[in-house]
Amino acid sequence: MTSAISVSGLVKTFGPTRALDDLNLDVRTGEVHGFLGPNGSGKSTTIRILLGLLRADSGTARLLGGDPWKDTASLHRRLAYVPGDVNLWPNLTGGEVIDLLGRLRGGLNSQRREQLLERFELDPRKKGRTYSKGNRQKVALVAALSSDVELLILDEPTSGLDPLMEAVFQDCINDERQRGRTVLLSSHILAEVEALCDRVSIIRNGHIVETGTLSDLRHLTRTSISAELAGPPNGLTSMAGVHDLAAEGNRVRFEVDSDKLDPVLKQLVSTGVRTLTSQPPTLEELFLRHYEDAK
Amino acid sequence: MIGTAFIGTWHLIRLALRRDRILLPVWVLFLVGVTYSTTTALEELYGTAESRALLGVTANANSAFLAMLGPLHDWSSLGGLVVWRWGVFAGLFIAIMALLVVTRHTRAEEEAGRTELISATVVGRHAPLAAAVIVAGGTSLLIGVLQAVVLIGKGLDASGSFAFGLSTASVGLVFTGVSAFTAQLSENSRVSNAIAGGFLGVTYLFRAAGDAAGESGPQWLTWFSPIGWTEHVRAFGDNRFWVLGISLAAFAVLTGVSAYVVTRRDVGLGMLATRLGPAEGRIGTPFGLAWRLQKGSLIGWSLALFVVGVIYGSVAQAVGQMVQDNPALGQIVQQIGGADAMVDAFFATITQLLGLISSIYLVQAVLRLRSEETAFRAEPLLATPVSRWGWVASHAAFALVGGAIVLAAAGLGLGLVHGLRTGDLGTVLPQMLGAALAQLPAAWVIAGVALALFGLFPQLTGVSWAVVSVSLVITLLGPALQLDQWVLDVAPFTHVPKYPDITAGPLLWLTGVAVVLLAAGFAGFRRRDLTT
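Protein chains in written order, with the UniProt record's numbering: chain A, 1 to 295; chain B, 1 to 532.
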């Protein structure tokens with residue numbers, strides 16, 4: 001399997017701030033890759049380096065087999081980008097901006113343009129300054145999605161969309177996956193990531209701390225267990241992988257690393273189990289744990 | 001209602017002063033500093049009553065001086081000379097300061113959506129405009145008073161000093177009002193500045209046209225110009241303080257009307273309604289986009305400079321007329337080289353002035369790059385196959401080629417009218433076109449500095465305006481103040497050969513300097529990070 005994006009050891013500093021610190025990122029061709037991290041963790045900086053808008057201090061970045069700083073024009077013919085903050089020219093209409101960006105990329109599919117305008121319920125005749133945040137994002141999305149490109153780089157593209165439009169967006173990205181395109185999706189909306197992404201990378205303080213499929217990541221998390229036992233619990237405290245243990249008489253509550261579930265359950269059974277509830281890890285918990293560690 | 005409508009004004013004034021903590025002191029120091037150095041220089045040059053009297057006769061016989069600076073009414077004291085040499089331009093500069101400050105804190109804030117954020121707090125409906133008016137008007141008055149203090153410090157008559165200081169400040173007040181009003185018209189701060197700036201240009205022109213031919217010209221025109229009013233104050237002469245009442249009345253009416261409009265319109269919107277546009281676009285290249293963004297400015301500037309050319313072209317004939325009307329001048333005119341030489345000198349000055357004005361157009365065309373970048377509108381473009389070179393070139397073309405068009409329009413206006421009046425269009429028109437276009441290489445150098453700053457030191461791009469101002473002041477005031485040659489040499493327009501003796505040499509090396517600066521700007525931008 002080839003990589004559409006492969007980044008290793010990337011460093012970028014802005015004065016005293018180290019925005020990216022030895023960042024590694026691998027996005028495989030044809031996958032939808034989620035890019036997650038707290039505010040200011042370096043997502044947009046990474047994306048801008050991939051677009052050749054910023055120059056890395058050190059490390060290597062390869063994009064569609066080329067160097068993003070040197071081969072800018074030829075690479076940009078093969079990708080489309082939706083920025084996190086979409087700013088339009090105040091006196092150009094949405095339709096004019098869509099057509100401009102499409103033409104600059106080497107043409108757009110006018111049939112798909114019409115479909116997308118309809119699906120996103122966007123009036124292309126309005127001037128840039130009169131659009132709301134969500135509508136400005138729709139302009140950029142329609143421009144990107146109606147281009148025939150291999151790679152879509154989307155930086156929090158749905159932060160201003162309503163739930164209805166969020167659903168339309170997810171449909172569109174699934175269509176793109178069918179077409180075999182690669183998508184790098186930076187997002188804060190976990191349901192969106194869960195619904196769309198094949199693999200996920202989590203960035204924190206300019207460094208990738210976790211990468212893999214969602215089930216890989218789940219595996220790394222803890223399951224919470226609450227049980228009433230036949231007798232007083234013993235031996236649990238010393239067991240590897242048990243956290244936040246609270247015991248009250250025969251009742252216990254604790255969290256256990258998912259890969260240590262088996263020995264811990266055996267220990268419980270050896271005491272005798274009356275009731276047992278186990279809660280699988282939610283994505284929120286997974287991300288919150290990574291986000292909070294940043295502090 | 002009135003009680004609460006101004007709530008929060010004081011906080012907004014402090015916010016504006018905080019945001020402009022560098023900009024405003026620079027303006028104040030710059031203008032008061034020029035007042036000081038002008039006074040010092042004139043004191044040294046014209047210390048005796050005889051030298052001042054001679055200057056008085058020659059200055060009032062020279063149409064170029066009359067058009068640019070106005071008549072020298074009173075040469076009995078140093079004060080009268082300061083008023084003549086610096087009064088019109090001091091008023092002009094204070095007006096520019098005032099109109100930029102008002103727009104910056106009203107329409108530009110509204111356009112950026114920050115007024116919305118502010119208005120949702122405990123801030124009265126009139127507070128944002130009131131704060132901007134107080135800051136701009138207050139700074140105008142401060143500059144006026146400090147100028148008076150400088151002159152008094154130089155030993156000049158106190159009431160004359162205040163008449164001068166307040167007359168220049170009054171132009172600032174009027175344009176505080178003008179800009180408060182234009183800020184209500186359009187949703188776009190650029191348009192608001194353009195309308196106010198255009199009006200300032202018109203008032204200068206009215207005064208220039210009224211003054212240029214002395215007694216034989218339409219002097220009544222100067223009464224229709226806020227800049228003309230400053231002349232009618234006659235500081236150090238009659239000290240007609242009552243004339244300032246006209247400016248105050250204009251200020252009061254303009255701010256009053258603007259405040260009324262504020263109560264009638266929605267935050268973020270203008271009085272000029274927006275309409276739906278085309279659903280499909282035809283723009284498909286970076287140059288096409290630049291044309292769309294810059295054509296309004298290019299057409300507006302070309303028309304404006306064409307009109308300026310027409311006005312000065314029609315005044316030129318009166319220059320000869322003036323000599324016939326006033327036999328006493330005849331001798332002086334003969335010394336200078338006859339009436340023809342006077343007309344030539346007039347055109348030399350006017351084309352230089354046109355060149356200086358055109359450099360403002362060139363710089364703002366270049367700075368469009370920076371505003372597109374900082375508004376994050378360059379980012380999506382540069383994420384397409386558009387190269388950095390191509391994007392910079394698309395806007396730079398409007399400075400380089402657009403500058404030629406603007407200057408040609410000015411030369412066309414001058415040449416057409418003067419040519420038709422003298423009945424020798426075939427000779428005059430190409431001469432005037434040539435004289436105007438000869439300014440282009442110097443203007444390119446200024447644009448080159450702006451582009452080099454943009455490419456190499458993007459945070460300092462705004463310094464380009466300081467470069468324009470310094471070049472204006474050195475070129476306009478330097479020779480009369482007998483500044484050292486090396487100071488004069490810093491300004492590119494110093495090196496442009498004077499009409500009618502235009503030679504190619506200096507134009508070629510000025511072009512060379514411009515090319516080097518432009519290349520540095522291009523290379524710098526290709527290598528640097530985009531501002532994000």
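You may find that some hints are simply not true.
[To be verified] Stretch by stretch, here's where chain B covers chain A in the computed footprint (C-beta under 8 Å, at least three residues):
{"no.": "1", "segment": "47 to 54"}
{"no.": "2", "segment": "85 to 92"}
{"no.": "3", "segment": "126 to 134"}
{"no.": "4", "segment": "198 to 208"}
[Stated by the list, open to error] The calculated SDA-like cross-link candidates involving lysine to any residue, where the alpha carbons are at most 25 Å apart (straight line), are:
{"no.": "5", "chain 1": "A", "residue 1": "K126", "chain 2": "B", "residue 2": "G113"}
{"no.": "6", "chain 1": "B", "residue 1": "K154", "chain 2": "B", "residue 2": "L17"}
{"no.": "7", "chain 1": "A", "residue 1": "K70", "chain 2": "B", "residue 2": "E372"}
{"no.": "8", "chain 1": "A", "residue 1": "K126", "chain 2": "B", "residue 2": "E372"}
[To be verified] From chain B, some residues computed to sit far from chain A (all C-beta separations above 12 Å):
{"no.": "9", "residue": "A5"}
{"no.": "10", "residue": "F6"}
{"no.": "11", "residue": "G155"}
{"no.": "12", "residue": "V191"}
{"no.": "13", "residue": "P286"}
{"no.": "14", "residue": "V310"}
{"no.": "15", "residue": "E379"}
{"no.": "16", "residue": "L381"}
{"no.": "17", "residue": "L382"}
{"no.": "18", "residue": "A383"}
{"no.": "19", "residue": "V386"}
{"no.": "20", "residue": "L416"}
{"no.": "21", "residue": "L433"}
{"no.": "22", "residue": "L456"}
{"no.": "23", "residue": "I474"}
{"no.": "24", "residue": "D529"}
Treat the hints as calculated values from the structure; they're not laboratory data.
In this text, a Cβ means the ideal position worked out from N, Cα and C, and glycines have one as well.
Results for each hint:
Under the rule that three or more residues need a Cβ within less than 8 Å of chain B, the assignment of the segment 47 to 54 of chain A holds, with 5 such residues. Restraint check on the segment 85 to 92 of chain A versus chain B: 8 residues with Cβ-Cβ distances below 8 Å, three needed, restraint holds. For a cut-off of 8 Å, the count of residues in the segment 126 to 134 of chain A with a CB near a CB of chain B stands at 4, and the three-residue condition holds. Counting residues of the segment 198 to 208 of chain A whose CB lies closer than 8 Å to any CB of chain B gives 0, which falls below the minimum of 3, so the coverage claim is violated.
The suggested pairing of K126 of chain A with G113 of chain B holds, with an alpha-carbon distance near 18 Å, which does not exceed 25 Å. Pair hint K154 of chain B plus L17 of chain B does not hold up; C-alpha atoms about 30 Å apart against a cutoff of 25 Å. For the proposed pair K70 of chain A and E372 of chain B, the alpha carbon gap of about 23 Å is at most 25 Å, so the pair holds. At most 25 Å may separate the alpha-carbon atoms for a hinted pair to count; K126 of chain A and E372 of chain B meet this at roughly 20 Å.
For A5 of chain B, the non-interface assignment is confirmed: its Cβ lies about 27 Å from the closest Cβ of chain A, beyond the 12 Å cut-off. Here F6 of chain B stays apart from chain A, with its beta-carbon at least about 29 Å from theirs, past the 12 Å limit. Non-interface call for G155 of chain B relative to chain A: holds, since the shortest CB-CB distance, roughly 51 Å, exceeds 12 Å. For V191 of chain B, the shortest C-beta to C-beta distance to chain A comes to about 9 Å, within the 12 Å cut-off, and the non-interface label is violated.
Non-interface status of P286 of chain B relative to chain A is broken: a Cβ of that chain comes within 12 Å, the nearest being about 7 Å off. The non-interface label for V310 of chain B is consistent with chain A: the shortest C-beta to C-beta separation is roughly 30 Å, beyond 12 Å. A beta-carbon of chain A comes within 12 Å of the beta-carbon of E379 of chain B; the shortest separation is about 6 Å. Its beta-carbon lying about 7 Å from the closest one in chain A, L381 of chain B breaks the requirement of being farther than 12 Å from that chain.
A Cβ of chain A approaches the Cβ of L382 of chain B within 12 Å, the least distance being about 6 Å, so the stated non-interface status is violated. The beta carbon of A383 of chain B sits about 4 Å from the closest Cβ of chain A, which is not more than 12 Å, so the claim that it is off the interface is violated. Not every CB of chain A lies more than 12 Å from the CB of V386 of chain B, the least distance being 5 Å, so the non-interface label is violated. With 12 Å as the threshold on Cβ separation, the claim that L416 of chain B sits away from chain A holds: the shortest Cβ distance comes to roughly 33 Å.
Even its closest Cβ contact with chain A, about 33 Å, leaves L433 of chain B beyond 12 Å, as expected for a residue assigned away from the interface. L456 of chain B, annotated as away from the interface, keeps every beta carbon of chain A farther than 12 Å; the closest lies near 15 Å. The claim that I474 of chain B lies off the interface holds: its Cβ sits roughly 36 Å from the closest Cβ of chain A, which is beyond the 12 Å cut-off. A cut-off of 12 Å between C-beta atoms contradicts the statement that D529 of chain B is not in contact with chain A; the least separation is 5 Å.
Checked against the numbered hints listed earlier, the structure breaks hints 4, 6, 12, 13, 15, 16, 17, 18, 19, 24; every other hint is satisfied.
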